[in-house]
Every structure is written in structure tokens, then in C-alpha cells.
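K.L.:
The primary structure of each chain is shown beneath.
There are 2 protein chains.
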Amino acid sequence: MSERHPLDEAIALEPAAGSPDLFHGRTHEDYANMVGPFGGLTAAVQLSAVLRHPALLGEPLAVTVNFAGPVTDGDYTIRAVPVRTNRSSQHWIVEQRQGDALVTSATVVTAVRRASFDSTETLPPQAVPPEDLARRDGPVPLPWLSRYDLRFVSGGLAPSGDPAGESATVLWARDDPPRPLDPCSLLALSDAFFPRVFLRTGALAPAGTVSVTTYLHGGEEERARVGDDFVLGRAVGQRFAGGYFDQAAQLWSRTGALLATSHQIVYFKA
Amino acid sequence: MSERHPLDEAIALEPAAGSPDLFHGRTHEDYANMVGPFGGLTAAVQLSAVLRHPALLGEPLAVTVNFAGPVTDGDYTIRAVPVRTNRSSQHWIVEQRQGDALVTSATVVTAVRRASFDSTETLPPQAVPPEDLARRDGPVPLPWLSRYDLRFVSGGLAPSGDPAGESATVLWARDDPPRPLDPCSLLALSDAFFPRVFLRTGALAPAGTVSVTTYLHGGEEERARVGDDFVLGRAVGQRFAGGYFDQAAQLWSRTGALLATSHQIVYFKA
Chain P
2 MSERHPLDEA
12 IALEPAAGSP
22 DLFHGRTHED
32 YANMVGPFGG
42 LTAAVQLSAV
52 LRHPALLGEP
62 LAVTVNFAGP
72 VTDGDYTIRA
82 VPVRTNRSSQ
92 HWIVEQRQGD
102 ALVTSATVVT
112 AVRRASFDST
122 ETLPPQAVPP
132 EDLARRDGPV
142 PLPWLSRYDL
152 RFVSGGLAPS
162 GDPAGESATV
172 LWARDDPPRP
182 LDPCSLLALS
192 DAFFPRVFLR
202 TGALAPAGTV
212 SVTTYLHGGE
222 EERARVGDDF
232 VLGRAVGQRF
242 AGGYFDQAAQ
252 LWSRTGALLA
262 TSHQIVYFKA
Chain H
2 MSERHPLDEA
12 IALEPAAGSP
22 DLFHGRTHED
32 YANMVGPFGG
42 LTAAVQLSAV
52 LRHPALLGEP
62 LAVTVNFAGP
72 VTDGDYTIRA
82 VPVRTNRSSQ
92 HWIVEQRQGD
102 ALVTSATVVT
112 AVRRASFDST
122 ETLPPQAVPP
132 EDLARRDGPV
142 PLPWLSRYDL
152 RFVSGGLAPS
162 GDPAGESATV
172 LWARDDPPRP
182 LDPCSLLALS
192 DAFFPRVFLR
202 TGALAPAGTV
212 SVTTYLHGGE
222 EERARVGDDF
232 VLGRAVGQRF
242 AGGYFDQAAQ
252 LWSRTGALLA
262 TSHQIVYFKA
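As given, the protein sequences belong to chains P and H, one line each in that order.
Those letters in the first sequence? Residues 2 to 271, per the numbering used here, in order.
Those letters in the second sequence? Residues 2 to 271, per the numbering used here, in order.
Hints may contain errors.
Because identical chains cannot be distinguished in the list, a pair is counted as satisfied if it fits within a single copy or across any two copies.
[What the hints assert, rightly or not] Below, simulated SDA-like cross-link-like pairs (lysine to any residue); rule was C-alpha separation at most 25 Å, straight line:
1. Lys270 x Ser120
2. Lys270 x Thr121
3. Lys270 x Glu167
4. Lys270 x Val237
5. Lys270 x Asp119
6. Lys270 x Ala17
7. Lys270 x Arg136
8. Lys270 x Thr86
9. Lys270 x Val104
10. Lys270 x Asp138
11. Lys270 x Gly228
12. Lys270 x Leu124
13. Lys270 x Asp229
14. Lys270 x Leu58
15. Lys270 x Glu221
What the hints contain is simulated information worked out from the structure, not anything from laboratory work.
With these hints in hand, go ahead and build the complete structure from the sequences.
P.N.:
Next comes the structure, spelled out in C-alpha cells:
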């Protein structure tokens, strides 16, 4: 009698007739952003197509998603093509279309992981546990923000609107309702930071991710140990110039394992 | 009477008959690696195709290159398709083939930059000037290493073979012979760090980049001010697990402008 989690509803795809590469999907109101879906959800949908493909080898290692144009509420198709399959890795090109318009492109690398030297070198920042922090809403009310329990350790938006000297945010994050961590939810979570330019200028401004690349580390067993617990995230802008800034982000388990590293380039007007 | 720089020879492409998207090229002995070309050169070749395309809009902003299979010495074709053109940005999918085999895939975002809030937030590490350091060869003699003047500030390979507690390298780098910095040379330079796992384990080991994403900041005028001077690079591994590690890298001008941020995921055996 358990209902499906809203994230699973939102990344659901139907195989299309005629080709194993083609899927049909539809935007979901729970993950709506200002215009179209939350970018992290759009990223997760591209990966979802790869993970449903009958020819899949291994598990997700690297995902790059390019937001080519606005996704509008409604139907879309996704084509996920395994362009090269090696012994222990596979390369994918993914294209999301609405009508004739390409709205998103992505490349995915999947791989079979094996035991190796294992070390988290970039350690998590000091943070009080999420239980000691209040849940916070985002800077503006948006449907997708209700699907995440975000608790800011540092670098929340200053109510005074003061520009900050640096753009770092540290926060605890998990799905709402809680959901066991998997590659799709981790990918979406890695895009849950608000635009860094808000912190640096102290003001909301038009901003949107152009391209994001996320590397998933540690594999399925490590994610299983996280379960539906909070993950600790840190994001910082490295350079702002010419109408674009980049953001480097990390997501750790509560026990300090680095689960994902993510980087994005963001359009802004300020 | 000036000869062409070896990098320009190595990224040269001939438009193919029949489609503006198709180009012919050939590997160049000066940039040979252990097997096939230096990965940074392969990345630059994908971008070179986009920059030669008659429909190009703007300048490079984000480049993701997936090394799907080994590039063997000899001929290749590149197909660079502008999959979406917006008012001030353009999205590309690039595929490099040898015979029928896809060897490299890439996505590129080009954009028209405009004046905005401008700040380098991630500052360069302390470093003595390159003139005070001796040029160093790589850990093994390879043709492409002769095409770069690399001077290590810290994090060179320890001759003792001792594992290091961290994988950070800081170095000065420029083309040899010196060449004015442009998007293709900057992209290649961002892959000029040796595998981080060598530092962490203190030993050479099989390793190869699987996917690299580089964001170019600051634009053409800023690169023109760099000219053919050294750039300062820093690279660090964040997580090693399951036979893969990631590397986060930055490249600054001598005056401290962050020119590029780059991230890659690397296969290794250790």
C-alpha cells in the first residue's frame, strides 16, 4: 500500500515503441521551479533514462547535463544512446526534446567499480548536526523547495541583504519525504544550492545553471549505508565574470565519506 | 616566414565535403602520450572543430570531453553539431571517430560574454615566480611533455617514492615554444597535471582520464593580457574509490585572475 515517492514519480519514464533508446516522460508539479522543473530534477531524469536502458553496463560515474533551453510543463521525449561500450565502462549521449526542440543534452559514463585505494581527501567542514538546526525555506517560495529538507550550517541568505565576502554555503540536505539515497537523488541534491551570486551581491538576481557535471563516488554499498539520512553539502563560487560564474560543490555522508563532487557554470545578471 | 606552432598543427582540421559539421584530422607525433595523443590535446581538438564551424556563436564557456576509447595514431573524423542556438548561447555535441568506432564524445557551450559583477573568489596559492624554478620533466619521458614548460612549486613526484598525505600540486605551465593563450591551449593546459594517485601512493600506476569538464572564465581580452606568459595551476584529488578518483584544478594568470576551472574523473589501478 506504499505510495511512490514524488521523486520516483517525477523521474518515471515510459519506454517508447520502436527503439530501446527512446523514452516518454512528463514534468511533475512537485518539482516545479520558477520556470519549468528544478534543474536537479531535469538532471536526474536524463540519468533515469540511462538506468532504464536494457543495454546498461555498470553504475553511474560521471554525468554532465547541459540546459540548452527552458523545459516547459508537459510531455517530453528522451533519447539515451550507448555510443561506446567497453569491458568495464560505457559512454552515453542523452537528448531531451519537447516537440522538435532540444531542451537538454547530457553525457553519462557508467562503470563497473572494483576495490582500490580508497580515501576521502577533501574532508567535510565542521558542522553541527542537522537535528540542532531548523529547517529553512529558500529565498523565494517554489514547489521543488518543499521536496527538500535544507538546514543551513553557514552561508544562508542574509536577511539584511548584505553582500558577503565569500560565497560558500554549508548545509544539510535530504529528500522530503525521506528517501533512500541513490544516483538519481544524489544527482538532484547536488544542484540544490541557490545561486552563489545571491551571496556575493546580497540580492536576488536572474540566474540559471547552463551546464553541470557531477561525479558519483563510492558506489552502491556506500549509498546504502547512508540510507535516507541527511547529507552534508558545501558549495562555493570560484570565479564570477562576463555574466557567468562557476560553483564547486561536494556532498558527504554524515560519517565523512565524499559521495559526490559537482561543478556547474551559471548564467547571471548582476 | 613564421612556422606554425606545433599545437596549431596538432589541432588543425580540414572541413569535409557534404556537411559543415564534419571535419578530418590526424594525430600529431609532438603530442603523443603513452598510447595515442595527450588527453588535453584530444580535448583541444574537439573544441577546435566547434571554433571552425561556420555557425559558431560566441566563445567557449564550458567543455566536457569523454574519453570513450583509445585514439590510435592516424586519421580521424570529427562531427560537431550545433544542437541548439539561443540568443546569446549555443550548445554543441561533438563526436570523434576512427573508422566506425567512436573514440571521444564532447559537449561544448559557447556564449556571448557581457560586462557583469567580476570577482576571482578562489585565490591563487602562494608561489615563487617561474623564473626562480627549474623546468622539470614529467615522471616518465613522453613526447607531449616536451611541448610544455612545467615548473613545480609544490607537489612534484617525490624521488623517494613516498606516499604523500595529500595530492595537491602547484605548478607554473606554458606551451613550448611559448604561444599566446587561447581557448584551445588553455583547455589542453588544464589537463597537464599528472595523475593525483601517483602522489597519494608514491608510485606510478596505470591511470587515464575518463571525462574532463573545463569552464573558461574571463574571455578573450583577459587571455590577451596573459599573452604567452606562464599560468599558475593547482590540482587536487578529492576522492579516490572503486578504481576512480576525481581531480579539481584551477588555472590563474600571473596577476591572479582565475582563467579556467577544470574537473576530471580518472580511472586508476592501485
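K.L.:
Now, for every hint given, state plainly whether the structure supports it.
P.N.:
These are the hints, each one checked on the structure:
Taking the shortest Cα distances, Lys270 and Ser120 sit within 25 Å of each other only across copies (14 Å), while inside one copy they are farther apart (39 Å). For the homomeric pair Lys270 and Thr121, the shortest alpha-carbon distance between copies (17 Å) is at most 25 Å, but the shortest distance inside one copy (36 Å) is not. Taking the shortest alpha-carbon separations for Lys270 and Glu167, only the intra-copy value of 18 Å comes in at or below 25 Å, while the best inter-copy value is 38 Å. Taking identical chains as interchangeable, the C-alpha atoms of Lys270 and Val237 lie at most 25 Å apart only when both belong to the same chain, with a minimum of 18 Å there against 31 Å between chains.
Taking the shortest Cα distances, Lys270 and Asp119 sit within 25 Å of each other only across copies (11 Å), while inside one copy they are farther apart (41 Å). Taking CA atoms no more than 25 Å apart as the test, Lys270 paired with Ala17 passes in neither setting, with 39 Å inside one copy and 39 Å between copies. When the C-alpha separation of Lys270 and Arg136 is checked against a cutoff of 25 Å, the pair qualifies neither within a copy, at 29 Å, nor between copies, at 42 Å. For the homomeric pair Lys270 and Thr86, the shortest alpha-carbon distance between copies (20 Å) is at most 25 Å, but the shortest distance inside one copy (41 Å) is not.
In this assembly of identical chains, Lys270 and Val104 lie within 25 Å of each other by CA distance solely inside one copy; the values are 22 Å within and 38 Å between copies. In the homo-oligomer, the alpha carbons of Lys270 and Asp138 lie at most 25 Å apart inside one protomer (23 Å), although the nearest pairing across protomers, at 44 Å, exceeds that limit. In the homo-oligomer, the alpha carbons of Lys270 and Gly228 never lie at most 25 Å apart, since the shortest distance is 38 Å inside one protomer and 29 Å across protomers. Taking the shortest Cα distances, Lys270 and Leu124 sit within 25 Å of each other only across copies (23 Å), while inside one copy they are farther apart (33 Å).
For the identical chains of this complex, Lys270 and Asp229 are neighbours neither inside a copy (36 Å) nor across copies (32 Å), given an alpha-carbon limit of 25 Å. For the identical chains of this complex, Lys270 and Leu58 are inter-copy neighbours only, at 20 Å across copies versus 41 Å inside a copy, given an alpha-carbon limit of 25 Å. Taking the closest pair of Cα atoms, Lys270 and Glu221 come within 25 Å of each other only across two copies (20 Å); inside a single copy the shortest separation is 39 Å, beyond that limit.
The structure does not agree with the numbered hints 6, 7, 11 and 13 stated previously, though it agrees with the rest.
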